[in-house]
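With chain A's structure known, arrange chain B on it following the hints.
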Amino acid sequence: MKFIITATVAMLTIAISTTAQAFCGFYVARADTSLFNSASQVVLVRDDDRTVITMANDFQGEVEDFAVVIPVPTFIEREQINVADRALVEHLDAYTAPRLVEYHDPDPCSRYELKSMAMDSAHPRSAQVLEESVGRSRGVTIEASYTVGEYDILILSAEESSGLIEWLDENDYRIPKGAEAVVDSYLKQDMRFFVAKVNLKEQAKLGYSYLRPLQVAYESNKFMLPIRLGTLNANGKQELYVYALTRTGRVETTNYRTVKLPTDTEVPEFVQAEFSEFYRAMFEKQTLKEKERGVFLEYAWDMAWCDPCAADPLSSDELRQLGVFWVDGSQGGRIGNGGQAQNVFVTRLHVRYDKDHFPEDLMFQETGDRQNYQGRYVIRHPWKGNSSCDASAYKAAVKERQEREAQTLANLTGWDIDDIRGKIDYIDGVVPEPGDAPWWKRLWQ
Amino acid sequence: MRVFARLFSLLRDPRWYQVIVLSLLLGFGILILDFGIHWQNAIAIFTTAQVTQLVGARFIARVPFDPLSALITSCSLTLLLRTDLISLAMFAAIIAIGSKFLVRVRGKHVFNPANVALVSLMLLSDDAWVSSGQWGSATIGALALACLGFLVLTRARRAETTIAFIAAYGLLLLVRALWLGDPLSIPLHQLQNGALLIFAFFMISDPKTSPNSPVGRIAFGALVASVAYSIQFVFYEPNGPILALIMSAPFVPLIDAISRGQLYRWEQPAAGSASQFKGVY
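The listed protein sequences correspond, in order, to chains A and B.
Note that this note's numbering numbers the first sequence so that position 239 is 239, with each residue one more than the last.
Note that this note's numbering numbers the second sequence so that position 151 is 151, with each residue one more than the last.
The shape of chain A in the complex, shown without the other chains (with noise of 0.2 Å):
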């Protein structure tokens, strides 16, 4: 017997029982190794009508073990489903992932030096597989059924939400306690399903270790992202991330609140050595802020460019493969900094959902606003060589700086003052005692 053990994004997982507990348990033990677990990334590029979406997701465990249910707004056909490669979604979330800024003061006596650091969101990635079973079930017609790339396809018409179901349950898929009301409800909308399942043996003739991210094209008025499945497994929190691609500007969703995460702040050198625990703790805070209802952007800038860079920015052929179809793929090679311009804007979204605080799925609006904005923090490191001059003046400011930052971070995150305090390399040596404080700001904390 298998189960449905998640659904991401627009995915309903499928796997066997024995892999359900380790997927859910593994989750548990990679905490501190990957910076948000249970990941999902979607490229959604939309012009007009026109989308394109890539769906990668970070299922990790036996491939022949999974498959994936697609809800997709509109009926589909064999051309348009495909395979992109992974690094394409990667090097799409270094380009836009939140970074890190550094400084050197200059000799208070007498040049600062840059250099930038992208936040490591690499997610583990994933794997999945299906059982064959390609016929006619009550409601259900296999429209199609083929190969791409290491994934085979059934494309099912289904009518009604019980043929799905049960065509699932007699290729023995076991789904989660409400998937047939979503299902049929998303039916009703004119949405349709596909199925996707790895094939061994073109898995192993292409030779991945790993599922690429499954791309599908169509044309519908529908700017959404189907969240409804994934939030339908109580196994807590879904994380997910949008990168939309639009040729006009940002992107926002329309029935939940777009919020701008805080950025370009000042915090604590020590920082840098705990970037990912330090942007958990911001993200988690900021969340709980807005009432775990908040979709938070990450980033919004036009893709000729950036400043600092975390990565190049994606050449016209990788926007292309993306599905970015207004640009000429043909150019082929990279934009380097300040390059031509590609008339792609790219939005980076991040939701932390659940049935709960997202019972709707995630409906998207184009804006007009081409304004660049990017998660971007920075550390200034003092200067400690030694000075020719009176530098007592230059050391009071970066004590000041320096407890300044600490009060940020505190607010930023939510960590106990005092841990910051300790952890900071003070420039008189003196840490500040918890005394040193008003003290109304230890009352309530």
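To be clear, the hints were calculated from the coordinates, so they are not data collected in a lab.
All values derive from a computational prediction rather than experimental measurement.
Heads up, some of the hints might be wrong.
[As the list claims (entries may be wrong)] Some chain B residues judged to face chain A by a derived CB distance under 8 Å, without partners named:
| no. | residue |
| --- | --- |
| 1 | W39 |
| 2 | T83 |
| 3 | D84 |
| 4 | S87 |
| 5 | W129 |
| 6 | S132 |
| 7 | G136 |
| 8 | R158 |
| 9 | A159 |
| 10 | W179 |
| 11 | S185 |
| 12 | H189 |
| 13 | Q190 |
| 14 | A219 |
[To be verified] A few chain B residues facing chain A, derived, Cβ under 8 Å:
| no. | residue |
| --- | --- |
| 15 | R62 |
| 16 | F65 |
| 17 | D126 |
| 18 | S131 |
| 19 | L180 |
| 20 | D182 |
| 21 | P183 |
| 22 | Y236 |
| 23 | P238 |
No residue lacks a Cβ here, since even glycine has one placed at the ideal position from N, Cα and C.
Chain B in isolation, oriented as in the chain A frame:
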């Protein structure tokens, strides 16, 4: 005592409440929610609207200058319109106030000023948009309270349009959820939209552009709700209510022709005293 009497007579005009509530919402949006309103745009909209009102009142309608309605339109525009270009914000104010003087049928302007400006800009330019999700559902309680407070303070004068709109829109969402078999948290979430409430309480409620008779207003509210629902959930386009109002506005003269009623005046004159205004804009 005189001061109070004066204040009381001032507050008989419901527009004062509207200005107060909208200003509070604006302050809350800019200072606390930080939802992308540029203060430069706000200044541009408020100033341009007053100048257009002055020019229109003096040279087109030839009536005394009354800043209040233009102030309300400015508040609504600032709350709903998003653009990075000040020139577009100013253009919006000109369209809004200009339409009141230029597009008129039987002594009434046809389009809600802020509404016509929003829709024109959305159609004409890629650089203007409405951020309907930016209020978030966390603050919706406070917002709903402010809106209801407005109804109570104005003693629900001519509130039929608002009530009919919300009731019909809510009903359609509920029926859709029942048909789809969706949990009720979905229609509830769809109703918990700040822009929807601002629209319902401060835009569609505009007595100058709604039908003259109570029955007409109920029919109009329901019409806007049905069109808004179709845009949002049949055609899956955003900003359903705002587009629906502009599409339904031309039906107001028709509804007025069928169902006759009193033309609305902002300041109800006391019995016996002559109205100061030739026509109220």
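Taking the hints in turn, this is what the structure says about them:
Of the supplied interface hints, the one on W39 (chain B) is violated, with its beta-carbon coming no nearer than about 15 Å to a beta-carbon of chain A, more than 8 Å. The beta carbon of T83 (chain B) comes within 7 Å of a beta carbon in chain A, closer than 8 Å, and the hint placing it at the interface holds. Interface restraint check for D84 (chain B): the shortest CB-CB distance to chain A comes to about 6 Å, inside 8 Å, so the restraint holds. Look at S87 (chain B): its Cβ only gets to about 13 Å from chain A, farther than 8 Å, so that hint breaks.
Contact between W129 (chain B) and chain A, as hinted, is supported at the beta carbon level, the nearest pair being about 4 Å apart and thus within 8 Å. Given the 8 Å rule on beta carbons, the hint for S132 (chain B) holds: about 5 Å separates it from the nearest Cβ of chain A. The closest approach between the C-beta of G136 (chain B) and any C-beta of chain A is roughly 3 Å, which is under the 8 Å cut-off, so the hint is satisfied. Using the Cβ-Cβ criterion of 8 Å, the hint placing R158 (chain B) at the interface with chain A is not satisfied: the shortest such distance is roughly 29 Å.
A cut of 8 Å between beta carbons decides the hint on A159 (chain B): the least distance to chain A is about 26 Å, and the hint is violated. Interface hint at W179 (chain B): satisfied, since its Cβ lies 7 Å from the closest Cβ of chain A, which is below the 8 Å cut-off. Using the Cβ-Cβ criterion of 8 Å, the hint placing S185 (chain B) at the interface with chain A is satisfied: the shortest such distance is roughly 4 Å. Evaluation of the H189 (chain B) hint against chain A yields a held restraint, the C-beta minimum of about 5 Å falling below 8 Å.
Because the closest C-beta pair between Q190 (chain B) and chain A is about 7 Å apart, less than 8 Å, the hint holds. Restraint check, A219 (chain B) versus chain A: the minimum CB separation of about 28 Å is more than 8 Å; hint violated. Interface restraint check: R62 (chain B) against chain A, minimum CB-CB distance 38 Å, threshold 8 Å, status violated. Residue-level restraint check for F65 (chain B) is violated (minimum Cβ-Cβ distance to chain A is 34 Å; threshold 8 Å).
With a cut of 8 Å, the hint placing D126 (chain B) at the interface with chain A holds, because the nearest CB-to-CB distance is about 5 Å. About 6 Å separates the beta-carbon of S131 (chain B) from the nearest beta-carbon of chain A, less than 8 Å, and the hint is met. Satisfaction of the interface hint for L180 (chain B) is found here, the shortest Cβ-Cβ separation to chain A being roughly 4 Å, below the 8 Å cut-off. Given hint, D182 (chain B) at the interface with chain A, holds; its Cβ is 5 Å from that chain's nearest Cβ, closer than 8 Å.
A distance limit of 8 Å between C-beta atoms decides the matter here; for P183 (chain B) the minimum to chain A is near 7 Å, and the interface restraint holds. For the restraint placing Y236 (chain B) at the interface with chain A, the shortest Cβ-Cβ distance is roughly 4 Å, inside the 8 Å limit, so the hint holds. The interface hint given for P238 (chain B) is met, as the beta carbon of that residue sits about 5 Å from the closest beta carbon of chain A, less than 8 Å.
Comparing the model with each numbered hint stated earlier shows that hints 1, 4, 8, 9, 14, 15, 16 do not hold.
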